[in-house]
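Visitor: Here are the chains, one letter per residue:
Protein chains: 2
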Amino acid sequence: MGSDAGRKIVVLRLGHRPERDKRITTHVALVARAFGASSMMLTVKDSGIEERIRKVNENFGGDFSVVFRPDWKGAIRGFDGQTVHLTMYGEKLPDAVEKLKRDGDILVIVGAEKVPADVYAMADFNVSVGNQPHSEVSALAIFLDRLLDRAWERSETSGKLRIIPSPRGKHVIGTDKEKTV
Amino acid sequence: MGSDAGRKIVVLRLGHRPERDKRITTHVALVARAFGASSMMLTVKDSGIEERIRKVNENFGGDFSVVFRPDWKGAIRGFDGQTVHLTMYGEKLPDAVEKLKRDGDILVIVGAEKVPADVYAMADFNVSVGNQPHSEVSALAIFLDRLLDRAWERSETSGKLRIIPSPRGKHVIGTDKEKTV
Chain P
38 MGSDAGRKIV VLRLGHRPER DKRITTHVAL VARAFGASSM MLTVKDSGIE ERIRKVNENF
98 GGDFSVVFRP DWKGAIRGFD GQTVHLTMYG EKLPDAVEKL KRDGDILVIV GAEKVPADVY
158 AMADFNVSVG NQPHSEVSAL AIFLDRLLDR AWERSETSGK LRIIPSPRGK HVIGTDKEKT
218 V
Chain D
38 MGSDAGRKIV VLRLGHRPER DKRITTHVAL VARAFGASSM MLTVKDSGIE ERIRKVNENF
98 GGDFSVVFRP DWKGAIRGFD GQTVHLTMYG EKLPDAVEKL KRDGDILVIV GAEKVPADVY
158 AMADFNVSVG NQPHSEVSAL AIFLDRLLDR AWERSETSGK LRIIPSPRGK HVIGTDKEKT
218 V
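Sequence order for the protein chains is P and D. Under the working numbering, think of the first position of the first sequence as 38, with each following residue one higher. Under the working numbering, think of the first position of the second sequence as 38, with each following residue one higher.
Bound conformation, chain P alone (with noise of 0.2 Å):
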């Protein structure tokens, strides 16, 4: 979790809609945050997703932050570094991350069911993680694993809360609790 020294992740999530997709785009800043990236933008105010990640920071640790971006096309314009588009459509993912291993920071576009035709020609890469219908949430994970090769299978808690890997039940160390289920 946090991201790789000297390299800067970002996803920008489009077409976020706080009635519809509240559960979706959590859990796609959930995902960002686990896999590695530093922050998430929206083009929506969502105050209960800044708060939800704010939470899970103070008990697991790191900084990862949810950031009000209104003009997504500024954003993608005025990334320094690579934009990666994911969609089902795009160039296959062993190929991409072929062209993206290097260092330099990357913005990764995730979008909700429909994404302004823009976005195609504005990202220096559109990137399929499979030809199938499946999820942003799980494409991201799948992105972010093989872009910084499993660095989440090596990252530790810095939070109040501690887990303790177990093959039956909850072990979970902290501050102020400490419990074995």
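Everything labelled a hint here was simulated from the structure, so no lab data went into it. Computed from a prediction, not measured in an experiment: that's the story for all the values here. Be aware that one or more of the hints could be misleading.
Remember, identical chains collapse to one label, so a pair may be satisfied in a single copy or spanning two.
As a list, the in silico PhoX-like pairs of lysine-lysine whose alpha-carbon atoms are at most 25 Å apart [claimed, not checked]:
1) K92 - K151
2) K59 - K151
3) K92 - K82
4) K59 - K82
5) K129 - K82
6) K151 - K129
7) K136 - K197
8) K59 - K136
9) K207 - K136
10) K197 - K151
11) K82 - K151
12) K207 - K45
13) K197 - K129
14) K59 - K207
15) K110 - K207
16) K207 - K151
17) K207 - K129
18) K82 - K207
19) K110 - K92
20) K136 - K92
21) K82 - K110
Assemble chain D onto chain P, guided by the hints.
Guide: For chain D alone, kept in the frame of chain P given last:
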């Protein structure tokens, strides 16, 4: 997409509440289908999800099914193969995959926010995809990616539509529509 010859992967989705979880559970089903499972069991009837998956099969191939199975304890106990519960509290994914990698069917259990404590005792393995909170959608994708050695990267579609990987725009070939945007 579709299970490996000789090995069947079934997903059991626990705790689905049709009002609240419709979209997340749909994403779980789509991930199960796209990453190599053959069916998903739901403990409550949800004809909306069944219909969505039927249409995806029609367009993109395969015969992934959504099965109504209210008795989840019976589903776990009666399963002829290994049962794996995905949870952030479980043993680490790489360790677990080493133990699991052989022939035989696998039942993958994914919960919603809270999972009955019995599940931890009933599953053969409790497996964590990282020790950070993220999503059952991403956990299932990463688990199947590792378990089936990226089988999804080699899958071919067999439905009415076929997507041609493309660095720009959408390239879809279909029996009744063909478009390049």
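Visitor: Reference check for the pair K207 and K151, CA-CA at most 25 Å: within, between, both, or neither?
Guide: Classified as between: cross-chain Cα gap 12 Å, same-chain 39 Å, threshold 25 Å.
Visitor: Tell me, please, which holds for K136 and K92 at an alpha-carbon limit of 25 Å: within, between, both or neither?
Guide: Answer is neither: 36 Å inside a copy and 35 Å across each miss the 25 Å cutoff.
Visitor: Is it within a copy, between copies, both, or neither that the alpha carbon of K92 lies no farther than 25 Å from that of K151?
Guide: For K92 and K151, only the inter-copy Cα distance (18 Å) is at most 25 Å; the intra-copy one is 30 Å.
Visitor: If the cut is 25 Å between Cα atoms, do K59 and K82 qualify within a copy, between copies, both or neither?
Guide: both (11 Å within a copy, 23 Å between copies)
Visitor: Classify it for me, K197 with K129: is the Cα-Cα distance of at most 25 Å met within a copy, between copies, both or neither?
Guide: Only across copies: K197 and K129 sit 21 Å apart there, 40 Å inside one copy, limit 25 Å.
Visitor: Measure nothing new, just compare the shortest in-copy and cross-copy C-alpha distances for K59 and K151 to 25 Å and report within, between, both or neither.
Guide: For K59 and K151, the Cα distance is within 25 Å both inside one copy (16 Å) and across copies (19 Å).
Visitor: Quick one: K110 to K207, C-alpha cut-off 25 Å, is that within a copy, between copies, both, or neither?
Guide: between (44 Å within a copy, 20 Å between copies)
Visitor: What label fits K82 with K207 when the C-alpha limit is 25 Å: within, between, both, or neither?
Guide: The answer is neither: 35 Å in one copy and 30 Å across copies each exceed 25 Å.
Visitor: How would you classify K129 and K82 at a CA-CA limit of 25 Å: within, between, both, or neither?
Guide: Result: close neither inside a copy nor across copies, 33 Å intra and 36 Å inter.
Visitor: Can you tell me if K59 and K207 fall within 25 Å by alpha carbon in one copy, between copies, both or neither?
Guide: neither (28 Å within a copy, 27 Å between copies)
Visitor: Reference check for the pair K82 and K151, CA-CA at most 25 Å: within, between, both, or neither?
Guide: For K82 and K151, only the intra-copy Cα distance (19 Å) is at most 25 Å; the inter-copy one is 28 Å.
Visitor: With 25 Å as the alpha-carbon cut-off, assign the pair K136 and K197 to within, between, both or neither.
Guide: neither (39 Å within a copy, 32 Å between copies)
Of the numbered hints listed earlier, those contradicted by the structure are 5, 7, 8, 12, 14, 18, 19 and 20.
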